[in-house]
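Can you make the complete structure from the sequences, with help from the hints?
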Amino acid sequence: MIYRIRHLTEYEYQQPVSLCYNLAHLQPRNTSYQNCLSSKLQISPMPAYSRKRKDYFGNNIVHFSIEVPHRKLSVEITSDIRIDEGRASPELNLDLGSTCAQALEALKTNQSKSTLVAREFVLDSPMIKAMDALRDYAAPSFTPDRPLLSAARDLTHRIFTDFTYDPTFTTVATPLSDVLQHRRGVCQDFAHLAIGCLRALGYPARYVSGYLETLPPPGQVKMVGSDASHAWFSLYSPEEGWFEFDPTNDNMPAEQHITTAWGRDYSDVAPLRGVLFDGGKPQAPRVAVDVQRLEG
Amino acid sequence: MSFSQQQQSDQGNALVYPRPAGLMDEVYAPDGSMRSHWEYLLDSLNVLGPDALNDRQRKAERILRDDGATYMLSSASLASHTWGLDPVPLLIGSEEWSQIETGLSERAELLDLLLKDIYGPRELLRCGILPAELIYSHSGFLRPCQDIKLQGDHQLILHSADMVRGADGNMVIIGDRTQTPSGAGYALENRTVMRRVFPSLFRDSHVHRLSLFFTTLRHTLTRLAPPGNLAGGELPSIVILTPGAYSETYFEHTYLANYLGYPLVQGGDLTVRNGYVWMKSLDGLIRVDIILRRVDDSFCDPVELKSDSRLGVPGLLEVVRSGRVVVANPMGSGVLENTALLKYMPQISQFFLGHELQLASVKTYWCGDSNDLAHVLANIDKLVIKRCARRAGEFSIFGCDLPAGERQQLIERIRLNPLHYTAQEYAAPSSAPSWHKGAMHSRPSVLRSFSVAGEGSYSVMPGGMTRVGIANDSRLISNQLGSLSKDTWVLASEPEKQLTLQAGPGGESLSQIHQYTTLPSRMVENLFWMGRYSERADAAIRVLRTVFVQLNSAVILPKGAERLLLRAVSEVTLTLPGFTKDNLELLRKPEPELLSVISDAQRTGSVKASLIAMLNCAEEVKELLSADIQRIINDIRDELNGLENAVARGMASAPEETLDPLISALLALSGLYQDSMFRGLGWRFLQIGRRLEKAQQVASLLRHLLVPVNVDPSEPLALESALLSTEALNTYRRRFRAETNIISGLGLLLIDRSNPRSLIYQLDKLFKDLSELPNRGKGPELPRNQRLVLEISAAVRLADMRTLAAVDEKLQSRVQLDKLLQQVQQRLNETAVAVSEDFFDHTGGPQQLVNTGWNGEL
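The listed protein sequences derive, respectively, from chains A and B.
As numbered in numbering that gives the first Met the number 0, residues 0 to 295 make up the first sequence, in order.
As numbered in numbering that gives the first Met the number 0, residues 0 to 857 make up the second sequence, in order.
Keep in mind that the hints were calculated from the coordinates and are not lab data.
Don't take each hint at face value.
To be verified - Here are the simulated DSS-like cross-link-like pairs (lysine-lysine), alpha carbons at most 25 Å apart as the crow flies:
hint: 1; chain 1: A; residue 1: Lys51; chain 2: B; residue 2: Lys115
hint: 2; chain 1: A; residue 1: Lys51; chain 2: A; residue 2: Lys71
hint: 3; chain 1: A; residue 1: Lys51; chain 2: B; residue 2: Lys305
hint: 4; chain 1: B; residue 1: Lys305; chain 2: A; residue 2: Lys128
hint: 5; chain 1: B; residue 1: Lys305; chain 2: A; residue 2: Lys53
Structure (structure tokens):
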């Protein structure tokens, strides 16, 4: 499957911004199941400086700064992505593999490089702190003899069932405890919530940012989260590797999930962040995302 | 702890150092004999006698105070704390030192390898030498710093270690400082003072000198220059980045900036443009190649690190990454300050060097290790608990000091976050002699060392900074708790060759001159305001003094005159409404309001507020001020501390006299501005600020005293007061020997060029100073600031005094005088704005594109 993704972010300021320094996590990374065929980033006004590199987590990151006064900043990226068809399917049998107890033990003893790297994702991160409340919420799904992936799938389903998708309730700054208490949020909150649950129990979990295909194939229900960037989580099991789950849609990301970047939480992979001088009161950006199927 | 206390009944015995029982001691060997390298010093002090030693101690205190040597205990500007120096140095024999030196140099090498590994391949994690969580959970591990590399062999440029002499007599390391190690400047200041206070003792003791450390630092910094930045032969430009005047070690930053000859800058003085770092100076943007930083890791760049930091430079890290500026120590080096690493130093050393370290670290337990955790929880009353990541204002916890309840809370905190806690066995520091309140005492001491990467290996400062506890059983020794410091003398067996900073092969004299003339815009702006505030305070004091004299004069003043004078106080100091609202209660009993205009620090325009503002500006430009200016500044600060009480007490009789010391100090300051400051652009701006303010003040004074004309005969009194406030009354009387006459009075105050307080005198000087500034205009015309001054200067000179003195009977005012002075005031304001627009920095504070609520901190 090949997708073309267009992601536009526009800021309009009350007063001219004299200088700005930004970081963009916008160009989708290559993974074992996806390939970024081409990617074009357009920034207006023209940056005085820009450089692309790989960040600590291996994501694509662009640094750019604008040094001419401007009232409007526009950042648009268009990428063509190929997704392998062999990606996890809904029929995948999750009742096999290491049990929760085995996985926890293996995390301590397994010396492989991938496990070593994964251990970083058990720890607290800037936006996700382990809390008893998270552990208590998650615990019923993770009985010692249950296969870990099956337990994670169950947690995903419970979050989908127990929580209400409500874009009016949270912002990027809403703390996890509020989400848990009010049982409301958006994809970012649900991903953080699930990650917090898993880490509270000692499992490595990371935050994945990306997109969801806009138009559903005929006969299927339209999925929430389209027309915007999306987020879900990934869990590591020492024997099985990383597996992704989408608590907003109660499924496992497959062909329609396009990955942009991953990190410990949103703060590691925010699509666009930065510091600006002048410009008046901060304004919310206009964001438009368009996921288009080129060929399948 | 017990001591074999000796009787100190007579003076002679005050100098005898009592030998502490049961403790490791610096002076006495365990068998009770005195170590030979202490004999000469202690004998000499004995010969000197207690009185002389007290005298030298006072002298040292005075020098430190005059140098402005402070350690800030709080951010209140009047609360700075003079650096405490114990006059008895700590002595270390040459032979022992060479072992310590080797050990420290080796430790720095190892930490350097560790730093490269943590931000590089992380072999130590892969090979299981370090638990992954130890690095990953530490807030000093900054992921954006992965793969950042400095030029040359070393990543870790500066390293400091705190050490104590343990029970076995060997030095043991209790902690490392690797982000922005502080103290080297204080060590240098301690040394400078000791050499002045004990010249012959110092000379005869053959003490190893400190200068080589600083020479090496300069060479290393120069060598770090990004190669792509410099054209052939060009010298790199180096700055010291400080968090600012409220930083507790700010004195040291200014001291090092002066000693090393590098400009001292704050985050706001630097800007990233075009992929490079630049300093905003009067000469425009000047590229910066190397930054010696005193700003903590995570505060350095709000774009990638702590997003609410105001101390850093947005975009800095990306410039570092692309190799166009070097920051030393590199950002991210705080990861080495993780106290848990002390536990693993032997294994790390085995891994990298193949042998154990010569200098051991104190036995440390990391609660992230389950065995260690169990041990710590079971033995918490015997251990010292530390967080892995040091936090401001947080001290080590001595388990034995905790009441049971708090101990339980601590255990809970550790259980909740075991990864973030370590525990150390308490290494009781050895004691050393300390001169305190006229007697020799035994005090625990901690030594901080300083190492700098040199070519090939690390160079260690001989000695370092010793701190002593405030009591004989102090366990916590910290400057934040008021500990004293000591100079540390490493004794050479023979006299050392002289080596001064200038004699070193640095060869940077050219860039030094260049750097001294290119000040950051912020400093220039502070000098400008320092000048303005000192004159503003001066004018306020003078008008208050005049009013006190007149109100308390033998003659009873006409009501109108009294009102006029009081109104003038409010108007001139701009402490409105004050007396301007004809509040009868206030006019009947003016003392409380006058007291407030003098000493209410919260009230803009009060004498105290203006002087505090002046002190704050002075603090920002500290490194440009001479020792003499610094001394006056100290006097003013002292005077302000007691001002309110002094004035309140003096209200009953001759209150004007309580203001005299401030007037004298301000006069001394203005003399020193003339005689002890380098005539650079900085000085020019100070003068511009002063002249602008003086001119404003004369105009305002005349406007409020001489424009209104009262029906009662207060006329001569108003003129007399104006003359008195401007110190022109005696001249006037000598010259005119007559009743006060408004026309000759105006002549003296407005257009007499021989009167240094006349308006025209200020305008002439102001014009001259402005014309010395670089021309920022596009065309051949005079810059706007000069045109404005020229305009009023001509208007004043062309004015006819008779016309100005004429009274409009209907309005009861001198309309022409008012018009002229109003024009003067307005144009002066415009001049100030024009100067500010042309020369000062107007970038607003940074803000985040997205406010996410998190600030980049773990």
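Open item on the list: Would the hint linking A/Lys51 and B/Lys305 be met if the CA-CA limit is 25 Å?
Closed with: Given pair A/Lys51, B/Lys305 holds - Cα atoms ~22 Å apart, limit 25 Å.
- [ ] Given the hint that A/Lys51 pairs with A/Lys71, test it: the Cα-Cα distance must not exceed 25 Å.
- [x] Within the cut-off at roughly 22 Å; holds.
Task: 25 Å limit on alpha-carbon distance, applied to hinted pair B/Lys305 and A/Lys53 - done: Roughly 21 Å separates the two Cα atoms, so the pair holds.
Open item on the list: Given the hinted pair B/Lys305 and A/Lys128, is their Cα-Cα distance within 25 Å?
Closed with: holds, 18 Å
- [ ] Starting from A/Lys51, check that the Cα of B/Lys115 is at most 25 Å away, please.
- [x] Distance of about 23 Å is within 25 Å: holds.
Checked against the numbered hints listed earlier, the structure breaks none of them; every hint is satisfied.
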